[in-house]
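There are 2 protein chains.
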Amino acid sequence: MSIIKMVLVVRMDIGMGQGKIASQCAHAAVECFTKARRGFLSYFTARAWLMMGQPKIVLKVQTEKEFLRLYETAQKSGLVTAAIRDAGRTQLKPGTITVLGIGPGATEKIDEITSHLRLL
Amino acid sequence: MSIIKMVLVVRMDIGMGQGKIASQCAHAAVECFTKARRGFLSYFTARAWLMMGQPKIVLKVQTEKEFLRLYETAQKSGLVTAAIRDAGRTQLKPGTITVLGIGPGATEKIDEITSHLRLL
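The listed protein sequences derive, respectively, from chains H and P. Mapping the first sequence onto full-length UniProt numbering, position 118 (from 1) lands on 118, and the numbers just tick up by one. Mapping the second sequence onto full-length UniProt numbering, position 58 (from 1) lands on 58, and the numbers just tick up by one.
Some clues are possibly wrong.
You can't tell identical chains apart in this list, so a pair holds if it fits in one copy or across any two.
[As the list claims (entries may be wrong)] Under the rule of at most 25 Å between Cα atoms (straight-line distance), these lysine to any residue pairs were calculated in the SDA-like manner:
| no. | residue 1 | residue 2 |
| --- | --- | --- |
| 1 | Lys-93 | Pro-55 |
| 2 | Lys-76 | Ile-113 |
| 3 | Lys-60 | Glu-72 |
| 4 | Lys-109 | Glu-64 |
| 5 | Lys-60 | Thr-73 |
| 6 | Lys-93 | Ile-3 |
| 7 | Lys-35 | Arg-47 |
| 8 | Lys-93 | Gly-53 |
If you are wondering where the hints come from, they were derived from the structure by calculation, not from laboratory data.
Turn these sequences into a full structure, and let the hints steer you where they fit.
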């Protein structure tokens, strides 16, 4: 297991199709990566993460409430986060929160707040 | 429709699960973005793409042959490309090609080579 990773947490209660889930996860990953590059320490974490082959895990939550609670916890723990809102041009209502990206960050720190979640 | 986009082309003949597809698409998106940032013109394209909200479309192909032909065509057309190979720690044989990222690039140019493909 790698010491740095990114997790992408998908909200399952809004009926996204497979393509929508994939594009929203891609969006979260790019957003988290660009955010990480702007910080001083997180810049090096992001570089290391790239060199390690970008390890990432896709997890799921069942409700918006669960999503928002996790988002808050991740922010408080100082991890890089990105909560993606859909532009709503296709399947969803504009502004619907879809995927939460956390990291790249220390696996230990990310596991502390996400290890109870199930894989997508 | 935006004038710059990224497409993520998923290979459907290897039985990837939803989480695997999402993580491979995220991988392709980050890889394409970092590649684009290293080029002179593509750097500005990548910046513009970010500012436009990262438009991206997820498409599919049914065979490795179709995947490789598209990869070659995209490379010849000068677009940024990234063919993702799975590390093979979980569902797939190590080295299996999974997702092709194309762009960020001019929508017109990308459509020329991908408009025949179906949405995932």
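Among the hints numbered above, which are violated by the structure, and what are their numbers in rising order?
none
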